[in-house]
Each structure stands twice: as C-alpha cells, then as structure tokens.
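Letter by letter, the sequence shown follows residues -22 to -1, 1 to 673 in mature numbering (1 follows the signal peptide of the UniProt record, and there is no 0).
Think of the hints as simulated: they come from the structure by calculation, not from any bench.
Bear in mind the structure is a predicted one, so any value in this text is a computation, not a measurement.
Just so you know, not all the hints are guaranteed correct.
Capping the alpha-carbon separation at 25 Å, the derived lysine-lysine pairs in BS3-like fashion look like this [unchecked claim]:
id, residue 1, residue 2
1, Lys149, Lys467
2, Lys228, Lys42
3, Lys357, Lys467
4, Lys505, Lys467
5, Lys460, Lys93
6, Lys42, Lys108
7, Lys507, Lys149
8, Lys316, Lys342
9, Lys507, Lys467
10, Lys507, Lys519
11, Lys108, Lys95
Label-pair distances were calculated between CB atoms; the ranges are [stated by the list, open to error]:
id, residue 1, residue 2, range
12, Ala538, Pro452, 27 to 35 Å
13, Asp364, Lys95, 55 to 63 Å
14, Cys490, Glu567, 17 to 25 Å
15, Asp364, His222, 37 to 45 Å
16, His222, Ser46, 40 to 48 Å
17, Glu475, Leu91, 47 to 55 Å
18, Asp383, His484, 40 to 48 Å
A virtual CB, placed ideally from N, CA and C, is assigned to each residue, including glycine.
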Amino acid sequence: MQTTSSLLTTILLCLTASTLFANSIPQPHPLGENHPDHSLPPQFEIIGNNPNLDALPLKSTKVKATISGIIASVTVEQTYTNTGTTPIEAIYRFPASTRAAVHGVDMQIGPRLIKAKIQEKQQAKATFEKAKAENKTASLLEQHRPNVFQMSVANILPGDEVRVFLHYSEKLNATERVYEFHYPTVVGPRYTSPTSSGKSATETWTQNPHLAEGQNSPSTFQLDLTLNAGLPVQSVVSPTHQPHIIFSDKTHASLTLPASTDHANRDFVLHYQLAQQQVASGLLLHQGNGSPEDHENFFLLNVQPPARIESSHLSPRDYLFIIDVSGSMHGFPIDTAKTLLRDLINGMQPTDHFNVVLFAGSNKALSQTPLPANQENLKHALNLLDNIRAFGSTELLPALKLAFDLPRTEGRSRNLVLITDGFVSIEKEAFQLVSENLGQTNFFAFGIGSSVNRWLIEGLAHAGQGEPFIVLNPNDAPATAKRFHDYIKAPVLTDIEVTYEGFATHQIQPTCIPDLFAERPLQIIGKWKDQPQGRITVRGKNGNAPYQASFDVAAEASKALTNPALRPLWAHDRIRELSIASQLNNPGETQQEITTLGLTYHLLTEHTSFVGVDETPREILAQLNTVTQPLPLPQGVSNHALPAGSPAVAISTTTATSTGKSCSVPEPGVVSLLILAAASLALHRQRRLSKSDHQ
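Using the sequences plus the hints, can you model the full thing?
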C-alpha cells in the first residue's frame, strides 16, 4: 500500500509539474497605451469584442525589386486570407526601408482592385470610417515611423483573400565601393520609458505580443530582384540569405529567394560590387512634361569621392563608447558588441584617451574622466564588459546625457560611439539631444543585429555629423572596427563646397554638407528651372590636397531628360530632413510643410495617409470582430527583449473539427508525462499481479 501511495504521489507531482509548465507558457498580451518600432513582420489585428475569433493570417509576402543604376523600384505584395467564419475589420503593420518613398498603394479583394488616394491624415481616417459605416470595403495606410506602416482594412467577409500592393522607390549608395540594397522584414519589441511624455495614440502599435524566441511566422516570404547596374558587375552576395543568382550578361543579374517561412525573421541585405571597384558617378536630370502632376524639373548628382589619403600626423583623440546592455541585447547582440568594442579599443593609438558607459535600466561609467589607452586600462574595460549580463530596459536618453556631461580633455578631438540594436521608441528625442549637445564632438552609431532600427542609427549619425554602421554578426566586427578607425584617421573629403554656374537650382538636399568620412559617393538632389545648361563644381580637401570635380549639365542632358523617380525621391529626402529636425524647429510649421509635400507628391508621411474605398456596399450580417496576431522576434533576439508584462507567445498546434472549432493538441512535455504516468501505473499493476500469482 505504501508503494502504491508513493507511486500515486509521484504521478501527481508529475502531472502538477506538467500543468504548471503548460500554464507558464506565455499568453498573448493585449494592446496597452504606452509601450513601443528595422523593422515587424506584417500581422493583422482583428477589431471587435469577441475573444474567440479565427485569425486572419498573413499567407505570404512577395517582393519584386528592380535596381537600375542607383535607383531601386520596389513592389511589395502581401496576401492575407480570412479563413474564419465572421466578417472582420483588420489592422496589419509592416516595416519598410528608412529611404523608401512610398508613392502608391493598391488593394485587391477577389476581382476588385482598389487604388488608394492620398489625403491629410485625419481626413483619410474620416473617409475610412464613413466607408466602414456604410458597409463598404475600405483600406487605410498610415505611417507610425518612417520605417513602420499600418494598414487598416474594413468589411472583409469570410473566405475573402486580400492582396495589398505597396509601391516605393529609393536611392542606393556605395560604401567603400560596395552597394547595398536592404529590405526589412521584422522589427523587434520597442522599449518606451515610463517617464516618456507626450506619447500619442499612435505609440500603442508598439505593444504587440511576440512569438517565443526561435519561433518563425507561419507566413512565407519570397523575393525576386533584377539588377541592371549599367556597368559590369564583379560580385553579388547576400550576407543574410542564400538567394539563387543568375547573370544574363556582365551588367545584368537576377536573384530569387524562394518562398519560405524561414526568411522573414531577419532583414534581407544584398551587396554588389562593380568591376574594377567602379562607382556609378554622374548627373541625372528630369524635365517635367508640363502637366499638373509633373511640371517641375529635378536633378540628382552622384559624385565619386577621391581615394583616402592616410595622414602621417595623427592628433590625439578622446573616445567615449556608449554600450547598450539591455535585455534585447542578450545573447548574439551582446556577444557581437563585445567583439566590436574589443576591436575598437585595440585599434586606438597610445596617445588616445577613452571611457566606457554601459546602460540598460540605469547606466554606469568606467571612469569619471577619460583614461589613457594603456594596456592596464584597456584590460579593465574589457573585463568590465565581459562580466556584464544583458538584461533590463533600454534607457537611452539618460545614458546619452551622462556621456555628454562627462568631462573631456582639452585640445583633443572627441568622438562618441553608440553601440545598440536601437529597440527604443524615442528616436526624435534622441536626435534632438545629440543635435543640441554636439558642440565639437563627432557622433557615430553602430547598429547591432539582424533587424536593426535603422531610423535611429541613421538619424543619430545624421544629427551627430558622423557615420552609421551596421554589424549583422560577430564575424563583421573586425572589418567594421577597421573602417571606423580609417574614417577617424583620414576623412575622405573635408570643407566641401558645391557651386552651380549657369544652372538655376533651388531647394537642394541636403541643405548642409558635412565632411565625408566614408568612401561613399556624395549625393545631392534638388530642383532646377529654365534650361539644362551650365556647370556643377564640387570642391573640397582630400587630406591636405585640394579636390575638384566638374559636371557639364548640357552634356548630361543630351543623354536623358526623363527620370520620373527623381520627383518622389526629392520630396522624400526633404521630408526625411524635416522629420529628423522637427524637434528643433517649429513643430507646427514643420507639420504643415510635411503635409503639403505629402499631398503634392503623393507620398505617405506621418501627416498624410493613403485611403481606398470600394464603392459597392457589401452585405454584413454580423458585427465586426478582433484578435491580435503575435510577431516573431528577430533572429538572434531572445525573450529578454520583451518588456515586463509582455511575455512571449507560444503557438499551439490545432486541428479543425467538423463543427469548425479547433481542438488543442497538448504540449509535448505534457503528453510525455501523461504517457510516463500511464506506463508507471501499468508496470505497477503488472508487478502486483505477478506477485499475487506467485503467492
């Protein structure tokens, strides 16, 4: 009897443990009001009050991109299927490149194709709500961040398949003579400090539930890309995926990434290099045709920089490394950050000084004053980093304030270096802080991980008159650290001045041209009037030597005067500069200018939206309903990235019954314990029977 009691106790403990284990699997966290953004895979949120709804899953994402010279034209097709039994209003959110000029949206439901129109944001919202109330299918595309959009689709009936087409253009550039095309597929969970103020309702998008670490989205992702380089291509490679690449000739290549559920948990990155390390350089012109939609003229100047000249005299410098050790950096990102910092520190000169600030929920400085870059101090810094464990929230702003407040050594060039994945929601506040405190400091931003928040990294580098760096994996760290030190030692071009002789230009971007650290072409885009004639001259200093490059406008105009992509690209660059500087300028005036640009050039902005309405009312027999689908975490990001109260979601395997309801399949751990318990009982019974037989 005692044996039976012990066995039953063991079984009960096993079953209790299995129940506790099953109950510990995180559940979806409902949307909240105050939590945050390289980039979330598209997902739907179904609006309504019924908690037991069928989901509207994303079935697939297809990307078709064409690169012609230095301009990429991209169409994104996303297919969703309402496999449920009730009509829905759905919201889905998805990432885009920070440089994407979104100029068109279409939605197709069955045979009906709905072309969206651009309207002021509140007007577009009202148009959408009116259509929804009239039982019309409608779509609304809004921007939450320059790299995160939201589409709302109302009155989708059971069995409907929804296809959404997004059209955008972007400029490409070469860094160290290597071109990059970047397509974001996923964005990690964003942290918002509880002390942040002034958050609008648009911030609630950031509090989506995420899938558990390592779980992929059930939807597929595929990409087809055509490269028309215009010059012979030397190499084409993706450091993130393994596409199938075919060259039709020396200047043309096609890439295919087959549909798979494994592709969408990290951004797609493509690198290509022209033969003999060439870089496309020259002047592109577009002359409007006089119509209301195309009555302006635009130009894009792409200037190949001179080769870097190593300086024989290196002035002593101060380096302040600001390192993110929050929960989202746990694992692969912090390991990459450690490798990067080690390479950065080892690359310093004996005359340099340095300091380190670590930050998560709080921050800590290695020293209150800059330390000489000797072996003892270098070892101390590396030991400090090796002993930290990435955990907690991401309080970036206090860390930046501390860094700017730390004393500097007089007579030394100061360089602040931020290392982070960028999973925060206070981008504009960070831009403002850096701009207001920069002084004589250069600010460099390193983005770490497979799906970096590039808007933060690029924006901070822009505000800090430095350079952005992206490190996808630890193997990239040594080469990236070397590039950084090359930039610091010898900028490619300084004191840059551009003159326009006999060529009437206006509204030029960028308005201020900083020193060029990287071997990257200088790109200037603007408008022109009258005749395409005259000369553009770029002057500067390459080391101590003067540099000059000239372009004959009439000669370039004789080649081509039709490049319509320049129109939205100019407007996008202007909007981007206004958005980064909006905290420093009059917010009301900035908002009005961005709104006008969005409406005039038919572009998605934070103040203009695309709205499309199918004018045929549909028969809606039931109330619209809601559920939020979780997002996969970016590759290499752990559950530590999730904020408190927002646990990871485990996907349950379900099978459909004849009634249309689903039957949950128990977790494998629970099944195993149940089998073990049953086997133990059977074995115990067999032994008792055997014992009684012998008696």
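Hints and how they fare:
1. Lys149 - Lys467: violated, 28 Å
2. Lys228 - Lys42: holds, 21 Å
3. Lys357 - Lys467: OK: lysine 357 and lysine 467 at ~24 Å, within 25 Å.
4. Lys505 - Lys467: violated, 35 Å
5. Lys460 - Lys93: Not OK: lysine 460 and lysine 93 at ~48 Å, beyond 25 Å, violated.
6. Lys42 - Lys108: violated, 33 Å
7. Lys507 - Lys149: Holds: lysine 507 and lysine 149 sit about 23 Å apart, inside 25 Å.
8. Lys316 - Lys342: Holds: lysine 316 and lysine 342 sit about 16 Å apart, inside 25 Å.
9. Lys507 - Lys467: violated, 41 Å
10. Lys507 - Lys519: violated, 30 Å
11. Lys108 - Lys95: Judged against 25 Å, a Cα distance of about 15 Å means the pair holds.
12. Ala538 - Pro452: 27 to 35 Å: For alanine 538 and proline 452 the Cβ distance comes to about 44 Å; the hint is violated.
13. Asp364 - Lys95: 55 to 63 Å: holds, 56 Å
14. Cys490 - Glu567: 17 to 25 Å: holds, 19 Å
15. Asp364 - His222: 37 to 45 Å: Holds, at about 41 Å.
16. His222 - Ser46: 40 to 48 Å: Since histidine 222 and serine 46 have Cβ atoms about 21 Å apart, the given range 40 to 48 Å is violated.
17. Glu475 - Leu91: 47 to 55 Å: holds, 50 Å
18. Asp383 - His484: 40 to 48 Å: Given about 41 Å between the Cβ atoms, the range holds.
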